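Chemist: With the hints as your guide, set chains B and C onto chain A.
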Amino acid sequence: MKILHVYRSAPTDDVKKLVAAVSEGRETESFDLNVENPDYDKLVDLVFAVDQTICWW
Amino acid sequence: MSKKVCFLLCNSMYTLDGIRSTLGLSVENQYAYSVIMYNELPELSDYNKENIDWIRDMEGDVLSTVDANVERHGMTKITMEELGQKLREMNIIIPYGIMRPLETNDNFN
Amino acid sequence: MAKSLGIFVTSPQHMRHVMGVVKAAKAKGAKVKVFFTWKGVHLTKCKQFPELCALADDVAICVDSYKKVGYDPNDVPPGLEPRKMATQAQHGEILEDYEYYMTL
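Chains as they are written, first to last, in the numbering used here: chain A, 1 to 57; chain B, 1 to 109; chain C, 1 to 104.
Since the hints were made in silico from the structure, they are not lab data. Just so you know, nobody snuck in bad clues.
Chain A side only, calculated, beta carbon under 7 Å to chain B, not exhaustive:
id, residue
1, Leu18
2, Ala21
3, Val22
4, Ile54
5, Trp56
6, Trp57
Owing to the predicted nature of the structure, the values given are computational and were not obtained by experimental measurement. No residue lacks a Cβ here, since even glycine has one placed at the ideal position from N, Cα and C.
So that you can see chain A by itself, here it is in the shape it has in the complex:
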């Protein structure tokens, strides 16, 4: 099970806790959308390479 965590804004403490719980014992990747010029090409490659993508707020 491989999970991609995508962040649309800076994660709150609660989001960090949920990410930690969901990720425990699993392979994870993360991608920060909260930047000026996100690399969408890389993001889509990551989405296609994992089993589940979670786009946090």
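Modeler: For chains B and C alone, kept in the frame of chain A given last:
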């Protein structure tokens, strides 16, 4: 194949519609759950009460981390720790709408 | 077989991400469906919306949401097929028929 889907509803302006979206997947034969975080719901209309009942009839649930929603609206209590574990069972996790740490409930419609 | 990506849009804030992801996915030959609900339907008023409709394989919106946030359901957003002013069943279709899933 039916999937397990969890809507995370943390913004009062999005909560009731998030429940409606949850029901939308329930009737499409998915196992759909809403989790209401941070905000306390006001008195619910019959329409919204029926939506919650219907989600439960379809083997989903409406849960809340907020005690007032458990006591006032009969939502299933879940702690943040339990939520973390529950999310591990889900095929799809939907952080719904926008994150805004609203303390008020002044925007229901 | 081509990959397929379904995008569930619930935020009114991220049209640039919707466009960026759809363009990138289409450039990789993927089939893409986008469904807008609740306040996400405000994005139908962005100037890029017709381009999105032309680019993605399927774009639909929740007509109930469109009405609830104050638009006239007879005012179909440019680029959108009228029959795609639809219901939450469109979201169910994404879960059933699309291999990869994102929320924006």
